[in-house]
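Engineer: Spelled out, the chains give:
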Amino acid sequence: DAGITQSPRHKVTETGTPVTLRCHQTENHRYMYWYRQDPGHGLRLIHYSYGVKDTDKGEVSDGYSVSRSKTEDFLLTLESATSSQTSVYFCAIMPDRGAEAFFGQGTRLTVV
Amino acid sequence: TQLLEQSPQFLSIQEGENLTVYCNSSSVFSSLQWYRQEPGEGPVLLVTVVTGGEVKKLKRLTFQFGDARKDSSLHITAAQPGDTGLYLCAAHGAGSYQLTFGKGTKLSVIP
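Here the protein sequences line up with chains V and S, keeping their order. The letter at position 76 of the first sequence is residue 76 when you use my numbering, and the numbering goes up by one with no holes. The letter at position 5 of the second sequence is residue 5 when you use my numbering, and the numbering goes up by one with no holes.
Keep in mind the hints are simulated off the structure, nothing from the lab. The reader is advised that the hints may include incorrect statements.
[As the list claims (entries may be wrong)] From the structure, some residues in chain V lie toward chain S, with a derived Cβ separation under 10 Å:
{"#": "1", "residue": "Ser7"}
{"#": "2", "residue": "Glu27"}
{"#": "3", "residue": "His29"}
{"#": "4", "residue": "Tyr35"}
{"#": "5", "residue": "Gly42"}
{"#": "6", "residue": "Leu43"}
{"#": "7", "residue": "Tyr48"}
{"#": "8", "residue": "Tyr64"}
{"#": "9", "residue": "Glu100"}
All C-beta atoms in this analysis are idealised placements derived from N, C-alpha and C, irrespective of residue type, glycine included.
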């Protein structure tokens, strides 16, 4: 299994609070992605990174920010959580463009 | 961002039946991937198709990439309950680092 760990695995938070999800890899892969998965919507890309300090927005980036200060860690921050951000969040890593993407186990986030 | 449309969205069949799911787009792709996801887990790669017209087989699963590299299909022969899951197609946009997924086909194989 690819060395990719998401933390926390589950979180319940209140509306308006900041939340940070962490994705940690031990594979030294260049590309890292954050997706959210909701019923009827499949996997939607939030943000991605193509190198340290190199990040860009995906299709559903509003309300989210990311940081990648070192190769192994990609952080997703919800600055002020809203109920619409209740979802399952997946991190993925990839060594090269077009190669296999390896996914973490997911983080189930509930905003109440 | 290119749109990947998958059909059908849901499929419930009896064990032993054959099925085909589709992934279509108006964009041309350099490659396209199929993933399978089980409940509570992240998606896992099944196959990558690269050449227009390419056919790849993985046991009872047959993957085809359209000649124009805009569409793909996944055919399962003699489906088994273990095939149950969410099947997702994914692709990179031209010159893009984004990896975009279709909405998936949720397959249930009834014993």
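Engineer: Against each hint, give a clear statement of whether it holds in the structure.
Structural biologist: The hints, checked one at a time:
Nearest Cβ of chain S to the Cβ of Ser7/V: about 14 Å, over the 10 Å cut. The hint is violated. The beta carbon of Glu27/V is not positioned within 10 Å of any beta carbon in chain S (closest approach about 14 Å), and the interface hint is therefore violated. Residue-level restraint check for His29/V is violated (minimum Cβ-Cβ distance to chain S is 12 Å; threshold 10 Å). Hint status for Tyr35/V relative to chain S: holds, with the closest Cβ pair at about 8 Å, below 10 Å.
For Gly42/V, the shortest C-beta to C-beta distance to chain S is roughly 4 Å, which falls under 10 Å, so the interface hint holds. Taking 10 Å as the C-beta contact cut-off toward chain S, the hint placing Leu43/V at the interface holds, the least distance being around 4 Å. The criterion of a C-beta within 10 Å of any C-beta in chain S is met by Tyr48/V, whose closest approach is roughly 6 Å, and the hint holds. Taking 10 Å as the C-beta contact cut-off toward chain S, the hint placing Tyr64/V at the interface is violated, the least distance being around 15 Å.
Checking Glu100/V against chain S by beta carbon gives a least distance of about 4 Å; that is within 10 Å, so the hint holds.
Consistency with the previously given hints fails for numbers 1, 2, 3, 8, ordered from lowest to highest.
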